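Q: For reference, the chains in residue letters:
4 protein chains.
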Amino acid sequence: MAAGAAAGTVSPRSTRERLGATLRRHQEALSPRALRRTLSELQAIVDPRASEVEGSRRAHDFAQWYAKAGTAERRDCWLLMSEQFSPDPDVLKSAREQYEKSLGTAEELHAEVHMRRAFQTPRTRMLQRFAGAPDGMRFLVDLRAELLPQLKSERRLLPLDADLEHLFSTWFDVAFLELRRISWDSPASLVEKLIKYEAVHDIRSWADVKNRLDSDRRCYGFFHPSLDGEPLIFVEVALVDEISASIEPLLDESAEPADLLRATTAIFYSISNTQAGLRGVSFGDSLIKRVVETLKEEFPRLRTFATLSPIPGLRQWMAKNAPADLLAALSDPLALGPKSPHRQQLLAHAARYLGQELENGKPCDPVARFHLGNGARVERLNWAADPSPKGLKQSFGLMVNYLYDLKRLDRHRTLLAQGQIPMSRAIEDLYG
Amino acid sequence: MAAGAAAGTVSPRSTRERLGATLRRHQEALSPRALRRTLSELQAIVDPRASEVEGSRRAHDFAQWYAKAGTAERRDCWLLMSEQFSPDPDVLKSAREQYEKSLGTAEELHAEVHMRRAFQTPRTRMLQRFAGAPDGMRFLVDLRAELLPQLKSERRLLPLDADLEHLFSTWFDVAFLELRRISWDSPASLVEKLIKYEAVHDIRSWADVKNRLDSDRRCYGFFHPSLDGEPLIFVEVALVDEISASIEPLLDESAEPADLLRATTAIFYSISNTQAGLRGVSFGDSLIKRVVETLKEEFPRLRTFATLSPIPGLRQWMAKNAPADLLAALSDPLALGPKSPHRQQLLAHAARYLGQELENGKPCDPVARFHLGNGARVERLNWAADPSPKGLKQSFGLMVNYLYDLKRLDRHRTLLAQGQIPMSRAIEDLYG
Amino acid sequence: MAAGAAAGTVSPRSTRERLGATLRRHQEALSPRALRRTLSELQAIVDPRASEVEGSRRAHDFAQWYAKAGTAERRDCWLLMSEQFSPDPDVLKSAREQYEKSLGTAEELHAEVHMRRAFQTPRTRMLQRFAGAPDGMRFLVDLRAELLPQLKSERRLLPLDADLEHLFSTWFDVAFLELRRISWDSPASLVEKLIKYEAVHDIRSWADVKNRLDSDRRCYGFFHPSLDGEPLIFVEVALVDEISASIEPLLDESAEPADLLRATTAIFYSISNTQAGLRGVSFGDSLIKRVVETLKEEFPRLRTFATLSPIPGLRQWMAKNAPADLLAALSDPLALGPKSPHRQQLLAHAARYLGQELENGKPCDPVARFHLGNGARVERLNWAADPSPKGLKQSFGLMVNYLYDLKRLDRHRTLLAQGQIPMSRAIEDLYG
Amino acid sequence: MAAGAAAGTVSPRSTRERLGATLRRHQEALSPRALRRTLSELQAIVDPRASEVEGSRRAHDFAQWYAKAGTAERRDCWLLMSEQFSPDPDVLKSAREQYEKSLGTAEELHAEVHMRRAFQTPRTRMLQRFAGAPDGMRFLVDLRAELLPQLKSERRLLPLDADLEHLFSTWFDVAFLELRRISWDSPASLVEKLIKYEAVHDIRSWADVKNRLDSDRRCYGFFHPSLDGEPLIFVEVALVDEISASIEPLLDESAEPADLLRATTAIFYSISNTQAGLRGVSFGDSLIKRVVETLKEEFPRLRTFATLSPIPGLRQWMAKNAPADLLAALSDPLALGPKSPHRQQLLAHAARYLGQELENGKPCDPVARFHLGNGARVERLNWAADPSPKGLKQSFGLMVNYLYDLKRLDRHRTLLAQGQIPMSRAIEDLYG
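Protein chains in written order, with UniProt numbering: chain G, 1 to 432; chain H, 1 to 432; chain W, 1 to 432; chain C, 1 to 432.
Hints were generated in silico from the structure; no laboratory data involved. Model, not experiment: these values are computed from the prediction. One thing to keep in mind: the hints can contain errors.
Heads up, the list lumps identical chains together, so a pair's fine if it works in one copy or across two of them.
Within a straight-line C-alpha distance of at most 30 Å, the following computed BS3-like cross-link-like pairs (lysine-lysine) qualify [claimed, not checked]: (1) Lys210 / Lys68; (2) Lys210 / Lys196; (3) Lys193 / Lys339; (4) Lys193 / Lys210; (5) Lys362 / Lys390; (6) Lys407 / Lys68; (7) Lys152 / Lys362; (8) Lys407 / Lys193; (9) Lys393 / Lys339; (10) Lys101 / Lys210; (11) Lys296 / Lys210; (12) Lys362 / Lys339; (13) Lys152 / Lys210; (14) Lys152 / Lys390; (15) Lys362 / Lys93; (16) Lys152 / Lys101; (17) Lys320 / Lys196; (18) Lys152 / Lys393.
So that you can see chain G by itself, here it is in the shape it has in the complex:
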């Protein structure tokens, strides 16, 4: 095997073959000539003769060209990055054979190491060069955000996506994230991002966001040194004296802030991921647990940690699982009185939806999946808790509290792994 084909470098032969394939399947955007030039620029980034510093400089130049490129040109870039920087099949084959021979011998461990190295693709190295360039991480995260919606229709992008997800998982490991409080004293540019990224209860104005950062609130986000000033995820918390039953008082800008000395309960009422490009990299669990620790240190009197959460999948599930007459009666849920039988039926269905329904062994509601997966339990259903159009549309105005009982998180996770959703007696009773 020639030196140029060593593990981690681009084998000329396979490149030629693959580029041929790419070109044959290729229909639009870059001309074959432009395609070849683009490929050679990408290859220069991982050219083993250039230093890392030089490689990152070339990556930076490429990113500047890319910033001005159109949609179709970008798609061509992704295909080149996905198809032209795979591991060398010859190298892989030889490593594989060696590994197979070694099984059970003293060489096994050594062969394993060798084989894993053979899988370190030139693509990985290329992406690392981008990450090393100024604003390179921003480039990669945005690139993946653009690429993800294309994945279903274009399977050839899969390896690039897989490499990105793998690298992001390593780079954005919670070990490297910094928990920071976001307050009204945070940069205006950061507060503006809360407005932009808030995904649960839209922020309507600067007065709205100021209210959410008032003295009886806390907001925390995870930040990464390579995406400075950008919260990767953030959570909004209200400090109150009992578990909140409605979102309205929390979003009421005219309300006086609560007295912190009387706060016994932290309500997590909104949690938003901000970077589409980081899909598959999860921070939410860690964020909530780090925030709980931080709050307990600042407010030793806090006893209860719970959410006030939407039930985004309820209406859709009801459409399939509830009787038609109930559905008809729910056209204006706010009009139903406390004794209305339809109200009771809706609550019973919602309790069943949250407390019994599993999909592939997991809760089917996405928000439930997240909090129950963290070890919380279903605590209480709240009628007319979100009377906004969105709240009515998703869940007939219902919201749910998930309770984080710090001493039972792992017990709850174990229950869930056994197919049993942890819940309060009150929820049980609802569909009992």
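Once you've looked at the hints, dock chains H, W and C against the given chain G.
A: Chains H, W and C only, in chain G's frame:
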């Protein structure tokens, strides 16, 4: 295949077999019972039922036990970590077979992704949990520093070392390092570390280090957010008006600082790695280039960037390659006058050693290997440049300047890849 | 003289007499009993037996009581602070006599020192104790802001105001102010203050303020360590390629930011004091000069520094000095065509108002007074430069540029001191 | 009165006269011509036609000339600054007469304000311009440090000194000082200053200072924004489990740090002022009280706050007040056994010296004066507590603890003001 044996988790069967093997080969330290308990604690760290947060908490507890463990017990831990957390062979086999079948089909790229995932070992996940614990990165770097000297005699530690090196390469990518100036206004605890880690010209006292941080000097280091306050590598620079020919004026504490307005030349006179545990992760090239950029911005008049470097391998090479009479005449090199033929012979040999001798295609002197690998060239040999006992012992008092000609770094790297060492005419003439 | 009556302490006799006077003239708010208690609390603050630390603690307690007091009670406090903490007349008399005797003798200098000490009032010491308490400076600045509007009707508050002004002049000397850039990355709470304090062109929304902090703008403020997070004064600057002739493009939120590489001119288009309580303490001159220096360093291509300023006193002056028919014709100045004789007449009057009219030897327009006092000159009148209702009302839509010609600032100041207003040839021509 | 002679400006007539006087008395250094030029440069600094910014620029130029001037030239500068920038006698006279007439009338308060303004000297304004220049505060503090030793022999410098002291008292009010912890993580340049400035127990080496910044120690200093990086005063504290009886364990570099969890007692074992030029401006009391508060917050278990202090004046006092045979017997105090009558006699004398002797109504020992003035009491005498040559020389090896009983500080201050030194029963018993 059972759910529990999914890619990335520990297969019970293989664990049992491997622990048997470990126990059979095992001779010392932990009793089989203690060994089993330790293993189960390590396994708990990656238990898929526990959250990441919980996993890191367990890793932290383990690290605290480890801190008090003796040498032999630690060695047992390494063996467990190395042998008991490998990829599941069955999963690997199935992935491999699938991949082989897919070659040349539309499934190839997908199978490649799948196969790479199969290689993500539980060991990797365990090390990530450690990294996520407080002071966890410190723990891992120190663990590898302790483990490295054992590698030669105990090949079973190889997979653990390979995983650590791979993870460190990702985590300590220069993209995540921060260049910081170290000055006399830096924390005393950091300046103390310069004294401790300086590897080229020992720092003898606080007066010595203060002189190296004087107004005509610059010192820069790379820092990583997970090893706060710890320079991973640092370089000492003198700003002067010509290429330095001797280390003595630079280390003279009583000398007045040079006039910065007249500085045309930056001399890199010491570069030290500090973390034995990060062997194989290279920062030096990036450090020098980032420092050059930083200096050019602060001092636009700088024209020349060069080193004043030791030649650590010269005497050893001379012992094999120089005539006995020359070696005899070199017992007191400082006594040789400028016209002494032995002096000329020594310079000619040194020029040959630095400019012609290759070992596996690379310069044989380790310092030459580093700077030439970065694209520098051999510029000038300096007689009696380091008259200290160490300098005389290593290289008969000779030192060498490597020149970083910023416009030719890549050209020089290409020359070197072709087996030709770049050098100045003056060096060529010496052995001409 | 008794020890208790030493310079700087409260003489019991005078206190008694003065409190009697205060009580006799007193009509409202605090009862005589409450008044006596309040006085004794104020006296405790400067009690020489208490330490400075204890004095400031008492001042802090007092400030907390004051925060809840009503308007009339506060007014009583001011009277007590103003009348009850004057220098002791006996001490003053003795110092004065001693000083008079010393004139022309060797004792003169010593007696001067002694006399100045006799004037250091207990009031000063009391205010210093407040300043030493947490948030004490905020308390004093707000107290004076409240007190200032009462000064005209209540001359007895004069000494308190004079002491505050004197102390503020010392404490807020520009030597102790920090120049900080305010940007979109500054705390939201600080950006909100710009909205609140902007005094020239009202900020209508967060989009408006964001535009003023865009990449082609700079905003700088002076800050003091004892009023953290509070700009004392701030200036808004646009970086453009010629002297601005209208405020509209600068306030247009939809406009693209200008290209910084082409910027040759810095336009100061708004400067606002924020603390009413600091009246008489001037920072504006220093702010502009420090900002000019800072801008020149960041943008070496800047050549021209000028303002785009309102002419707040023009209409009022015209009402007295312009012929009735001209005034009538100016009811809709925007309707006047370029050749309209009324337009020319208005410009001529404005040029005369800015370039010739003096009041007590100073320019009569307050904005002119500020910039000309700093050494600027009247440069250009701009038609329809501020077509807002406020602009039309103040100055028929006219705005003026004052030019800061850095090499002539002192020459201009000298001219002005001689009663001659520096101006461009174009302005001269207007009323020539 | 001409405009040029307005309050706060230099009257030409008086200047001429005074310069004449200065020149007549003048004997050395600057020639009359140089003297006149220097004076005109100083006058330019306060020239009312120049802006504050320009004034400070001129002050900066002057300071740079001064930095290179010799001792005699500097002394001439001081005389000019002291004698040529006094208040205008005519202005003073007129203000005085007006004030006298106003006494008892409604004009009294107004006339008081006017009179105080008349005393604001051009000298003050000149010093303010210096303070506003870069490094100007450093210049003024150093100037006074140089000037102070000359005051006794040259009374003409008194007004300059008085103005400096007055301004420093205002500028360095504790309200504007920042308490910062100094640790081994503080800048090396700052730690170096501890070595330089420590005035009680000399710091012998970096190992010594590192020990004093170990985990069971705290060191705090006051800093001022205009003297950045310079502690004005600092205190060294040991956290221990009983009141320290000897300085030796505290200075023992080889001792293990104490267990912080068991610390009940904070021992202030060294407190040093650093700026000779700030004589008369006191921070010590505030420093100790702020440090006590800070320590109580960090270590809620601390119960006792005390010093371990030298008794610098003991030997000198003994020489006058002790019998000759006792003095003879004390030639080697460390040799005296626990039962030695001389030992008892020395302790009794020391107790009397600290507990009874007053000088002008204040404790005569300077360290006692400081701590008792702060409200501490004399707690315990410690035999052989400082066996260093300095300790033996000052106080026969004795040291004393002053106890800060937080609840009794003010009671103790009152006692002291009545001429009674607060002390423990044990001290009382010693001379009972």
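Q: Now, for every hint given, state plainly whether the structure supports it.
A: Hint by hint, here is what the structure shows:
no.: 1; hint: Lys210 / Lys68; verdict: between (36 Å within a copy, 26 Å between copies)
no.: 2; hint: Lys210 / Lys196; verdict: both (14 Å within a copy, 15 Å between copies)
no.: 3; hint: Lys193 / Lys339; verdict: neither (43 Å within a copy, 51 Å between copies)
no.: 4; hint: Lys193 / Lys210; verdict: both (13 Å within a copy, 14 Å between copies)
no.: 5; hint: Lys362 / Lys390; verdict: within (25 Å within a copy, 64 Å between copies)
no.: 6; hint: Lys407 / Lys68; verdict: between (53 Å within a copy, 29 Å between copies)
no.: 7; hint: Lys152 / Lys362; verdict: within (23 Å within a copy, 48 Å between copies)
no.: 8; hint: Lys407 / Lys193; verdict: neither (34 Å within a copy, 42 Å between copies)
no.: 9; hint: Lys393 / Lys339; verdict: within (22 Å within a copy, 64 Å between copies)
no.: 10; hint: Lys101 / Lys210; verdict: neither (65 Å within a copy, 59 Å between copies)
no.: 11; hint: Lys296 / Lys210; verdict: within (24 Å within a copy, 35 Å between copies)
no.: 12; hint: Lys362 / Lys339; verdict: neither (33 Å within a copy, 80 Å between copies)
no.: 13; hint: Lys152 / Lys210; verdict: neither (40 Å within a copy, 40 Å between copies)
no.: 14; hint: Lys152 / Lys390; verdict: within (28 Å within a copy, 59 Å between copies)
no.: 15; hint: Lys362 / Lys93; verdict: between (39 Å within a copy, 29 Å between copies)
no.: 16; hint: Lys152 / Lys101; verdict: between (38 Å within a copy, 23 Å between copies)
no.: 17; hint: Lys320 / Lys196; verdict: neither (34 Å within a copy, 54 Å between copies)
no.: 18; hint: Lys152 / Lys393; verdict: within (28 Å within a copy, 63 Å between copies)
Against the hints set out earlier in the document, violations occur for numbers 3, 8, 10, 12, 13 and 17.
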